[in-house]
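**Q** Just so you know, the protein sequences line up as chains A, B and C, in that order. Under our numbering, the first residue of the first sequence is numbered 1, with each subsequent residue one higher. Under our numbering, the first residue of the second sequence is numbered 1, with each subsequent residue one higher. Under our numbering, the first residue of the third sequence is numbered 1, with each subsequent residue one higher.
Do not take every clue at face value.
Which residues of chain C face chain B? A partial, calculated answer using Cβ under 7 Å [as the list claims (entries may be wrong)]:
1) V117
2) V138
3) P140
4) L142
5) P212
6) S230
7) F234
8) L235
9) F256
10) N258
11) W260
12) I270
13) V274
Simulated pairs of lysine-lysine, DSS-like, Cα-Cα distance not exceeding 25 Å [said to hold, decoys possible]:
14) A/K149 - A/K128
15) A/K61 - B/K2
16) A/K149 - B/K2
17) A/K128 - B/K2
Derived by calculation from the structure, the hints in this document are not laboratory data. Since we're looking at a predicted model, the values are computed, not measured. Where is the CB? At the ideal position from N, CA and C, for every residue including glycine.
So you can see what is in the structure, the chains are spelled out below.
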Amino acid sequence: MEPVLSVRGLTVTFGSFTAVEDVSFDIHAGQTLAVVGESGSGKSVTALSIMRLVELGTRGKIERGEILFRAPDGEMIDLVQQPEGEMRAIRGNQISMIFQEPLTSLNPVYSVGDQVAEAVILHQGLDKEAANERVLEMFRLVRIPEAEKRMVQFPHEMSGGMRQRVMIAMALSCDPKVLIADEPTTALDVTIQAQILGLMRDLREQTGAAVLIITHDMGVVAEVADDVVVMNRANVVERGPVTQIFEAATEPYTRALLASVPRLGSMAGRDEPAPFDLVEYQP
Amino acid sequence: MKQIAARIAWSAGLILAVIVMCFSLIHLAPGDVAIVIAGDSGAGDPEVIAEIREDLGLDDPFLVQLGGYVGDVVQGDLGTSYRFNEPVTDLIVTRLWPTFLLVGTAVSFAIVIGVLVGVFTARRPESPISHGVTVFSLTGYSMPVFWTGLLLIIMFASNVQWFPVSGMRDVRLDGNWLEEWVDIAHHLVLPSITLGVIYLAQYSRLSRASMLEVLQSDYVRTARAKGLTERRVVYKHALRNAVIPVVTVAGLQFGQMLSGALLVETVFNWPGLGRLAADSVFQRDAPVLLGILILSSTLVVIINILTDVVYRLIDPRIRVGAATK
Amino acid sequence: MTVPVTPVSPEQGDLGPPGRQALRLFIRNKAAVFGLILLVAIVFMTLFGSFFYDQDPSRIIARPLQGPGEGDAPAFGTDYLGRDVLAGVVNGGSTSLTVALVAVLLVAVIGVSIGAVSGYYGGWIDVALMRVTEMFQVLPALLFAMVIVALFEPSTRSVSVAIGLASWPQTARLTRAEFLRLKNLEFVKAARASGASDFRIIWGVIFPNALPPLIVSITLIMGAAILFESGLAFLGLGDPNSQSWGLMIGLSRQTFLNGWWTVTFPGMAIFATVLSFSLIGDGLQDAFNPKLRGR
Numbered sequence: 001m002e003p004v005l006s007v008r009g010l011t012v013t014f015g016s017f018t019a020v021e022d023v024s025f026d027i028h029a030g031q032t033l034a035v036v037g038e039s040g041s042g043k044s045v046t047a048l049s050i051m052r053l054v055e056l057g058t059r060g061k062i063e064r065g066e067i068l069f070r071a072p073d074g075e076m077i078d079l080v081q082q083p084e085g086e087m088r089a090i091r092g093n094q095i096s097m098i099f100q101e102p103l104t105s106l107n108p109v110y111s112v113g114d115q116v117a118e119a120v121i122l123h124q125g126l127d128k129e130a131a132n133e134r135v136l137e138m139f140r141l142v143r144i145p146e147a148e149k150r151m152v153q154f155p156h157e158m159s160g161g162m163r164q165r166v167m168i169a170m171a172l173s174c175d176p177k178v179l180i181a182d183e184p185t186t187a188l189d190v191t192i193q194a195q196i197l198g199l200m201r202d203l204r205e206q207t208g209a210a211v212l213i214i215t216h217d218m219g220v221v222a223e224v225a226d227d228v229v230v231m232n233r234a235n236v237v238e239r240g241p242v243t244q245i246f247e248a249a250t251e252p253y254t255r256a257l258l259a260s261v262p263r264l265g266s267m268a269g270r271d272e273p274a275p276f277d278l279v280e281y282q283p
Numbered sequence: 001m002k003q004i005a006a007r008i009a010w011s012a013g014l015i016l017a018v019i020v021m022c023f024s025l026i027h028l029a030p031g032d033v034a035i036v037i038a039g040d041s042g043a044g045d046p047e048v049i050a051e052i053r054e055d056l057g058l059d060d061p062f063l064v065q066l067g068g069y070v071g072d073v074v075q076g077d078l079g080t081s082y083r084f085n086e087p088v089t090d091l092i093v094t095r096l097w098p099t100f101l102l103v104g105t106a107v108s109f110a111i112v113i114g115v116l117v118g119v120f121t122a123r124r125p126e127s128p129i130s131h132g133v134t135v136f137s138l139t140g141y142s143m144p145v146f147w148t149g150l151l152l153i154i155m156f157a158s159n160v161q162w163f164p165v166s167g168m169r170d171v172r173l174d175g176n177w178l179e180e181w182v183d184i185a186h187h188l189v190l191p192s193i194t195l196g197v198i199y200l201a202q203y204s205r206l207s208r209a210s211m212l213e214v215l216q217s218d219y220v221r222t223a224r225a226k227g228l229t230e231r232r233v234v235y236k237h238a239l240r241n242a243v244i245p246v247v248t249v250a251g252l253q254f255g256q257m258l259s260g261a262l263l264v265e266t267v268f269n270w271p272g273l274g275r276l277a278a279d280s281v282f283q284r285d286a287p288v289l290l291g292i293l294i295l296s297s298t299l300v301v302i303i304n305i306l307t308d309v310v311y312r313l314i315d316p317r318i319r320v321g322a323a324t325k
Numbered sequence: 001m002t003v004p005v006t007p008v009s010p011e012q013g014d015l016g017p018p019g020r021q022a023l024r025l026f027i028r029n030k031a032a033v034f035g036l037i038l039l040v041a042i043v044f045m046t047l048f049g050s051f052f053y054d055q056d057p058s059r060i061i062a063r064p065l066q067g068p069g070e071g072d073a074p075a076f077g078t079d080y081l082g083r084d085v086l087a088g089v090v091n092g093g094s095t096s097l098t099v100a101l102v103a104v105l106l107v108a109v110i111g112v113s114i115g116a117v118s119g120y121y122g123g124w125i126d127v128a129l130m131r132v133t134e135m136f137q138v139l140p141a142l143l144f145a146m147v148i149v150a151l152f153e154p155s156t157r158s159v160s161v162a163i164g165l166a167s168w169p170q171t172a173r174l175t176r177a178e179f180l181r182l183k184n185l186e187f188v189k190a191a192r193a194s195g196a197s198d199f200r201i202i203w204g205v206i207f208p209n210a211l212p213p214l215i216v217s218i219t220l221i222m223g224a225a226i227l228f229e230s231g232l233a234f235l236g237l238g239d240p241n242s243q244s245w246g247l248m249i250g251l252s253r254q255t256f257l258n259g260w261w262t263v264t265f266p267g268m269a270i271f272a273t274v275l276s277f278s279l280i281g282d283g284l285q286d287a288f289n290p291k292l293r294g295r
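Given only the sequences and the hints, what does the whole structure look like? Please build it.
**A** What follows is the structure in structure tokens.
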């Protein structure tokens, strides 16, 4: 099957620093690809490059590579070559993104309903009233209780989990083909994390969108991913289906990442609580 | 709403305290007003002086005088000017709106242009103009306002005669209301630039700093990720957050602006409160001075409350607790 | 962005290593060093200028209102009476600088004491002191100072006191805020636990750590006090027996259209002095908070 999004040989630099080097991967409709790595490995820069936001607001530059995206008419277009105007029509519409910190990612001075409606009005040309209908529908879809009441609230009046639901509603409001989630659960409590991941899995099935999830947490990978790309220091070090990565990772770095997640039962046989064993990894 | 009401009640107490302090200061200071008044007409005749003291109740115990004064002020009566022999309230009211016009124009000019400069330079942080803002800000702040005014007069009212040297209207003009307004606007240009440029300098720098911070924020990234145009990202999402500190600072500086206006009015012979105050100081016209002190403090308090209200309107996060300086 | 607060224990000396780092940053800041040089030059001119330019500023030396280079006029021309403007500029700084210095000392003493006590003790003391502060804060400073000066006859002393009385609230609020921030930090608790008196905790433990922002603020207030003094002198509320830049401009108000030099040069002197304090204050601010540079 043809991928929806295909990144080929992507290289991104910040001045003399190479943040992403020769990274390639494919994402298919209805599938979830997890990009895993430590902070600074280049995974977030990869995500921002797909949105072409790395050149807006940061000083990054896409040096080489292609980001091929299957447009609704079936043609593959290279996002790297698209003019800014074309990219704006794609951003938030066909490819959308949610971020790590839902509190700071929402504008504090506008109501959450207005912020979601803005995307709908922009991309679907709906009037204010129809857009609000759509927002209500989206809020229900992401299971925000009392959606009418919530729409007029401001971000600071909501809990972290609710805010992330708002972000998801905003991202999905225009039926995107690709959803990029950059550490979507890192800032949330553990129980809320599970709810948000469950929600994302359900929504992927309902909408058929391709999901690119960026995370450092192997637990999240196990929960949602079909395929995994492991990044370390700007490079892809290992890739494969999630089962293969978990059962038979070949790269020492991947094994080190896996070992960094505490396992249930790893303390068995010890009388007292003790620190987890340190992960040994020498690059 | 409740907080605002409490704030107003507390402010009334504050103003009362200011009245008591200023009244005591003026009345316990050395010097006899009766002699000052008599100096003009009675030429120091002791009988005349005694009569004046009697008239003004200056021989009453201090607390009686204070009580009487506070009672009058509450009813809007600020006493009678020694010099003009007119009710102070009337004198002040006729001088109030020129000052309002001057300060209002200056501050609007400073905020609007300052924010625009701030936005423009924050989007090009490495440009020479952006570095220029810091220099301009320190320069503007360091210039004595009366000197700026005199220099502007030399340059634009004397060397090239684009604007009038002083005053608020041309007495020779006999036109309809529109012509009168154009005339006042023409007279207003130099004084309001003189006063506004200090604040323009400060607000450009302040809004550049806050805009730089806001443009790095996550919600601006979100707005871009939605596919909004840069124009909409900057002017809808970033600007409203970036003006919050500017509005706050501008509100708190109102008292300082009145002080600046006093000097500017003196330079340009602008018929406002500041000129009245400066004249009254030299004529030792205590009731007028007291009235102006009280009125201007009241204005400062009112502007502080209004700033608070505006701040709440812009920033929905401020719902709990009164935002104080 | 949260800036990590690293409390400096007073045992590390007055400013300790952060002080040295600030000094290094300050020296590297070209604008700030320029400000410092400018200030030194102005102070030098004020103190010793008359040795190099020995001319009595109050003496009539030539025809009035002659511009620089006209006839027998001195370098900066003559004023409306025929006095030497350059001599006035050279000698006019002493009043401004003296008044500003005394006023700022007054501001520092009143403001820091009230702010420290208010912030440290809290409770009703804080409420009472802050209400008094607010009372002084709503009075437009120049107007208030004018009234004080007029009531007690203009003199160097009354002008200094008036500026001091009108300017301290800002310092009080800043000191209070710093004390509120610092008083619950660990090293203060430790000092309290070791039985130090309130006086020792306020002045020996908290105050040294509150110094950096206070130094910045006091530097900027010094510039503001110069502006303040020149404004009062311009209005005719300075010491009538002294030479002052503001007074020179004020006296030339009726005639300046016939002689731009009579107001331009004294004004430049005021501007340069205030600018030097602004640059130094700005440089200190950057040096103490390197993260805010360029803002």
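**Q** List in ascending order the numbers of the hints, as given earlier, that are violated by the structure.
**A** 1, 5, 10, 15, 17
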